[in-house]
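Modelling step: build the complete structure from the supplied sequences, incorporating the hints.
There are 2 protein chains.
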Amino acid sequence: MGQNGQGIMPGMFEFTLHSKEGQARTGVFSTPHGALQTPVFAPVGTQATVKLLTPEHLRGIGASLVLSNTYHLYLRPGDALVREMGGLHEFMQWQNPMLTDSGGFQVFSLSNTRKVDEEGVTFKSHIDGSMHRFTPERSIEIQNNLGADIIMAFDECADPHDEAYIVKAMERTHRWAERSLKAHRRPDQALFGIVQGGVNPGLRARSAEFIASLPFPGIAIGGLSVGETKEEMHQTLEVVTPLLPEDKPRYLMGVGTPEDLINGVLRGVDIFDCVLPTRLARHHAAFSPEGRLNLMNASFARDKRPIDETCDCYTCRTFTRGYLRHLIVAKELLAGTLISIHNLRALIRLMEQIRGLIEAGVFESQAPQLLAQWGNNAKRQAKDEKA
Amino acid sequence: MGQNGQGIMPGMFEFTLHSKEGQARTGVFSTPHGALQTPVFAPVGTQATVKLLTPEHLRGIGASLVLSNTYHLYLRPGDALVREMGGLHEFMQWQNPMLTDSGGFQVFSLSNTRKVDEEGVTFKSHIDGSMHRFTPERSIEIQNNLGADIIMAFDECADPHDEAYIVKAMERTHRWAERSLKAHRRPDQALFGIVQGGVNPGLRARSAEFIASLPFPGIAIGGLSVGETKEEMHQTLEVVTPLLPEDKPRYLMGVGTPEDLINGVLRGVDIFDCVLPTRLARHHAAFSPEGRLNLMNASFARDKRPIDETCDCYTCRTFTRGYLRHLIVAKELLAGTLISIHNLRALIRLMEQIRGLIEAGVFESQAPQLLAQWGNNAKRQAKDEKA
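If you're matching them up, the sequences are chains W and H in order. Residues 0 to 386, numbered by numbering that gives the first Met the number 0, are exactly what the first sequence covers, in order. Residues 0 to 386, numbered by numbering that gives the first Met the number 0, are exactly what the second sequence covers, in order.
Calculated from the structure, these hints are not laboratory results. Any given hint could turn out to be false.
Heads up, the list lumps identical chains together, so a pair's fine if it works in one copy or across two of them.
Capping the alpha-carbon separation at 20 Å, the derived lysine to any residue pairs in SDA-like fashion look like this [unchecked claim]: (1) Lys330 to Gln92; (2) Lys50 to Gln36; (3) Lys303 to Glu83; (4) Lys330 to His282; (5) Lys229 to Asn199.
Keep in mind the model is a prediction, meaning the values are calculated, not measured.
Structure (structure tokens):
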């Protein structure tokens, strides 16, 4: 029994480990909308849609878990409306597992006016400037209304290098985790707790131990990929995951690049999500084993090859780089659709490959090669994101 | 033998009439990329893509013929590049029949600086202001490079109410038709002639007789849907189609609304194309038997019905009006994709229905009812297009 003594639906939210190699593991997490094979990468559908893609496209690329954002859906169209329309799965017609975040991260990153107190956060909508308030109880109520299979405790994500504030934010996150558990009402939703603590190993250990002591069926690692170095991210994971129970899935929020996924799985992470593959796609950048390609480049104008000759996605099976470049230059939005299909498939296929390697017991030995191949895609990130 | 004595591929571009009812007819037009069941509505893929849709989507809605624009492709990415990439079908991966226009209409409608002389037209690119020149020979060369199954003679489309100029433009169009025929090189492409003459019945009759006397395997009716009244369009069709050979397909260019399709088929037209269904879709307007719906309207926020309960398209089988309205309000471009799928399917399904009615010999008796139903969609056009 977990989750506020109301229990969980029988047979639901069990996490069965299949194999382990070092810290890396494969498993299956059962949800009311089907079983998730882990490690898994979740495309992000911020406003109840993965931008430019239909649910048919998502099925075609082998997506299993889709994330949507509580902050955005609360503001528009409103969680009450989504509930009235039958919940998020029914609304957007994604009948496979879904996850919503708590809204906390967006309140801290998107809303320019906000005031945090012990009870919650008051913030200004980025859409119309109206004032709103989230508390742990309200965030859980909204997520109960949205109806995703996996929902998140309300947390405070602070600047990872502001040591003095990080302690306060972490302690508040712990109190909010307990309040989130108390507020949760639906046995068909798994409420995950979130470990915070910036990049301070001592704080991260305290937070991991505290969150692990609560009856959450899964545990997220928050506050990473927010400005720290890759080394700090890796060290933090190395402190946290060994302190978490083996029999609960671990979710590294908002990460990442192909390189980050490989490094995360090596350090015991089971679930990832990130807007990067679709955001890059809308800016003409495609993942490939040659490194990240900027398909607007004139050198692709007459290139008859697909983005990635080894890729099995619709885009790579169908279209040349030359055609994609034409769509980009002609400002045809279909380019964003087609490159999104490829970039998401690339990460989902990478995760399928990693699961196979872990099950064969060769992931750790092959990881350097995978990192060398996919590292090129990460390296170009800094430049792309500045542009 | 037609087309400059070079003939046509054996068995290609034969038009077999299946049934007739009054002026309306059903038939099959054979092309190197498959047989077209007529009457047919062709979605427009201006820049080698039907905006926001993949070829898979187009197959899913039963599209058979797709139009692309010579003016746009000539400017970007260039016809030589398209040829190098294997031609238009290969480039955009549409392996079914395609049609390109001659570029004439766009030169007259999109380019703000142009100078017509007997040889051709000099114009300024709407993209970068560079100067270009089209002649009948150059238009055919470009269309030969693009490689569509059906290509068009280079013509001059004049203001339908400028009587003095209309005669000159029509006579020039006739000379250009002969030059287009002479310039045409590919036996795997059917070159269609174009009837002009504004809304003057005498001129239209002269033009129809002249174009019909040339060895074109199909004949288009140009210069309509450019500012004339519906009555003028109908009267013009009633003058022209009886003067055209029965055994060649007739193509009414750039038309239209559901109402226009019904009225066109009643007057002997076999092929239509129009940007309207996809352009409306990107502006949130959906065809329906209740009339054109503006899906941004707040009244749809909680509407659990599909756009059209009788429609078999992916959008209607899958999504509610409420969800589509959310996508529109949240500025998610997937709305344009999903409504385009529906609007195109609505016209293609209307054509399928009309073919069945003609074959059953009941189209003329059912046409008033069809017009009453679909007329609502046309009526709102004036207002929508002003907005």
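Now the hints, each set against the structure:
In this homomeric assembly, Lys330 and Gln92 come within 20 Å of each other (Cα to Cα) only across copies, at 18 Å, whereas the closest approach inside a single copy is 29 Å. Taking the closest pair of Cα atoms, Lys50 and Gln36 never come within 20 Å of each other, the shortest separation being 24 Å inside a single copy and 36 Å across copies. In this homomeric assembly, Lys303 and Glu83 come within 20 Å of each other (Cα to Cα) only across copies, at 10 Å, whereas the closest approach inside a single copy is 48 Å. In this homomeric assembly, Lys330 and His282 come within 20 Å of each other (Cα to Cα) both inside a single copy, at 11 Å, and across copies, at 17 Å.
For the identical chains of this complex, Lys229 and Asn199 are intra-copy neighbours only, at 14 Å inside a copy versus 74 Å across copies, given an alpha-carbon limit of 20 Å.
Comparing the model with each earlier hint shows a violation of hint 2 alone; every other hint is respected.
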